[in-house]
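J.: When we follow this note's numbering, the leftmost residue of the sequence shown carries the number 80, and every step to the right adds one.
No wet-lab data here; the hints were simulated from the structure. Please note that a few of the clues may not be correct.
For lysine-lysine, the following DSS-like pairs were computed, each having C-alpha atoms within a straight-line distance of at most 25 Å [to be verified]:
#, residue 1, residue 2
1, Lys-439, Lys-415
2, Lys-395, Lys-421
3, Lys-411, Lys-437
4, Lys-411, Lys-430
5, Lys-387, Lys-320
6, Lys-314, Lys-387
7, Lys-395, Lys-350
8, Lys-320, Lys-350
9, Lys-411, Lys-314
10, Lys-290, Lys-141
11, Lys-411, Lys-387
12, Lys-395, Lys-430
13, Lys-463, Lys-452
14, Lys-452, Lys-415
15, Lys-462, Lys-452
16, Lys-395, Lys-314
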Amino acid sequence: MYAIGFRTRIVSVLLLFFMLNLWQATPFFTHGFDRYTMCFLTWSCFLPLDNHFSIRPPAVKKSVPFWASLIMLMQIMWIYFGTGIVKYGDAWTQGFAIKLMASDQWMTTPLASVFSSNEWLYRPLTYLTLILDWLFPLLLLLPFYKQWNRYVVVLYLFGFHLSVHLIADVSNFSLSGIAVSAILLPTHFWDKFNIGNTQKYEPSIYSGWQKYAVRGLAAFILYVLFIKNILFVTKNCAAAKQPYMQSVTAALRYADIPSPMSNWFFKQEWKMFAPEPSYELGWISMEYIGDDNILYDFFTHDIVAKNKHEIHFRPKGMLFHYLMPCRSMHFKARWKERAFLKFWYFYNLEKAGVPPEKWKNYFITEYKFTLLKEQELAPSEVKKVYYTEEAIRNINTTLPTQ
Numbered sequence: 080m081y082a083i084g085f086r087t088r089i090v091s092v093l094l095l096f097f098m099l100n101l102w103q104a105t106p107f108f109t110h111g112f113d114r115y116t117m118c119f120l121t122w123s124c125f126l127p128l129d130n131h132f133s134i135r136p137p138a139v140k141k142s143v144p145f146w147a148s149l150i151m152l153m154q155i156m157w158i159y160f161g162t163g164i165v166k167y168g169d170a171w172t173q174g175f176a177i178k179l180m181a182s183d184q185w186m187t188t189p190l191a192s193v194f195s196s197n198e199w200l201y202r203p204l205t206y207l208t209l210i211l212d213w214l215f216p217l218l219l220l221l222p223f224y225k226q227w228n229r230y231v232v233v234l235y236l237f238g239f240h241l242s243v244h245l246i247a248d249v250s251n252f253s254l255s256g257i258a259v260s261a262i263l264l265p266t267h268f269w270d271k272f273n274i275g276n277t278q279k280y281e282p283s284i285y286s287g288w289q290k291y292a293v294r295g296l297a298a299f300i301l302y303v304l305f306i307k308n309i310l311f312v313t314k315n316c317a318a319a320k321q322p323y324m325q326s327v328t329a330a331l332r333y334a335d336i337p338s339p340m341s342n343w344f345f346k347q348e349w350k351m352f353a354p355e356p357s358y359e360l361g362w363i364s365m366e367y368i369g370d371d372n373i374l375y376d377f378f379t380h381d382i383v384a385k386n387k388h389e390i391h392f393r394p395k396g397m398l399f400h401y402l403m404p405c406r407s408m409h410f411k412a413r414w415k416e417r418a419f420l421k422f423w424y425f426y427n428l429e430k431a432g433v434p435p436e437k438w439k440n441y442f443i444t445e446y447k448f449t450l451l452k453e454q455e456l457a458p459s460e461v462k463k464v465y466y467t468e469e470a471i472r473n474i475n476t477t478l479p480t481q
């Protein structure tokens with residue numbers, strides 16, 4: 080109903096309510112792209128989307144309130160400008176971040192090899208992404224050439240998110256980003272289609288108390304966006320460990336507002352491959368020893384070669400996004416990834432009807448390798464680690480953590 084524009088204003092609020100409930104029910108297993116979608120769904124509730132995205136466009140369209148427009152622009156600016164500031168790693172400054180992203184075999188698409196193998200493609204895209212991230216405040220807020228600047232931002236967002244979508248599985252992040260680029264298109268763009276055969280606009284009129292309530296709410300939201308993003312930048316920029324920056328961060332904490340929800344706009348942390356994409360890559364699967372004493376992949380039943388490491392199991396959808404962070408399960412703070420792996424292991428065995436006495440022949444297997452920066456991102460030797468039933472059952476005590 081939201082997509083086709085059926086009573087857009089009411090449906091958008093209902094959709095926000097249901098999505099908030101869904102994501103708050105599973106706060107430890109949501110991702111950055113979920114918060115990205117949630118934030119823009121929240122701000123879109125204040126926009127007159129039914130001006131154009133509606134089955135029955137109104138006879139008189141509502142103009143976009145200044146405060147709603149400002150909140151949307153500030154959110155977009157902080158997401159891309161903030162993450163641009165903290166992209167200080169060599170992969171970004173030396174122009175090979177896109178290649179690094181496209182080299183992650185487990186999360187990338189077949190088209191990723193086109194980006195990773197052609198320097199004339201990945202190097203300009205890396206620098207263009209970084210430069211435009213830095214220019215976001217000027218492009219969005221500069222009063223000169225406003226319409227042309229807006230089109231530059233729209234083209235960048237559309238091109239960036241389309242490229243990411245072609246390279247990797249990032250769930251709804253790319254689709255949400257493309258939708259945001261559509262929201263940024265100027266009014267005269269939509270009026271050219273003359274949707275609804277009307278181009279009359281009238282401002283939203285508020286009574287005395289409504290005016291103060293709206294201004295107070297807008298000021299609070301803008302303050303939250305400002306303080307949360309400034310804190311994120313000071314904690315993650317290149318100078319974050321310098322004494323003066325640590326003092327700034329400590330001072331800002333006093334002005335911070337505690338987050339009542341973990342997956343709403345109160346959490347403004349947009350790393351997006353900052354400070355640089357990871358060099359530590361690999362994949363996770365389940366394998367078992369068959370009755371013929373041969374090692375097989377649990378999901379594809381392919382024979383697993385001892386000396387040749389290949390990806391047999393490629394999870395799709397949300398399972399992939401649950402398993403991908405498990406590659407960092409050795410870090411002490413990643414307890415929820417270890418908990419998920421434990422559940423996933425026993426769930427698969429029970430679902431497949433494997434008798435408990437044979438569980439000792441089934442393993443979670445972890446493949447790890449490093450892209451060597453000094454050798455033009457050539458992969459290191461793949462290391463394979465087996466986790467037995469006993470190790471998984473006591474995963475928080477038997478798994479070595481860093």
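J.: Now, for every hint given, state plainly whether the structure supports it.
T.: Taking the hints in turn, this is what the structure says about them:
no.: 1; hint: Lys-439 to Lys-415; result: holds (24 Å)
no.: 2; hint: Lys-395 to Lys-421; result: holds (19 Å)
no.: 3; hint: Lys-411 to Lys-437; result: violated (30 Å)
no.: 4; hint: Lys-411 to Lys-430; result: violated (30 Å)
no.: 5; hint: Lys-387 to Lys-320; result: violated (42 Å)
no.: 6; hint: Lys-314 to Lys-387; result: violated (42 Å)
no.: 7; hint: Lys-395 to Lys-350; result: holds (23 Å)
no.: 8; hint: Lys-320 to Lys-350; result: holds (17 Å)
no.: 9; hint: Lys-411 to Lys-314; result: holds (20 Å)
no.: 10; hint: Lys-290 to Lys-141; result: holds (17 Å)
no.: 11; hint: Lys-411 to Lys-387; result: violated (31 Å)
no.: 12; hint: Lys-395 to Lys-430; result: holds (18 Å)
no.: 13; hint: Lys-463 to Lys-452; result: holds (22 Å)
no.: 14; hint: Lys-452 to Lys-415; result: violated (30 Å)
no.: 15; hint: Lys-462 to Lys-452; result: holds (18 Å)
no.: 16; hint: Lys-395 to Lys-314; result: violated (33 Å)
In summary, the numbered hints that this structure violates are 3, 4, 5, 6, 11, 14, 16.
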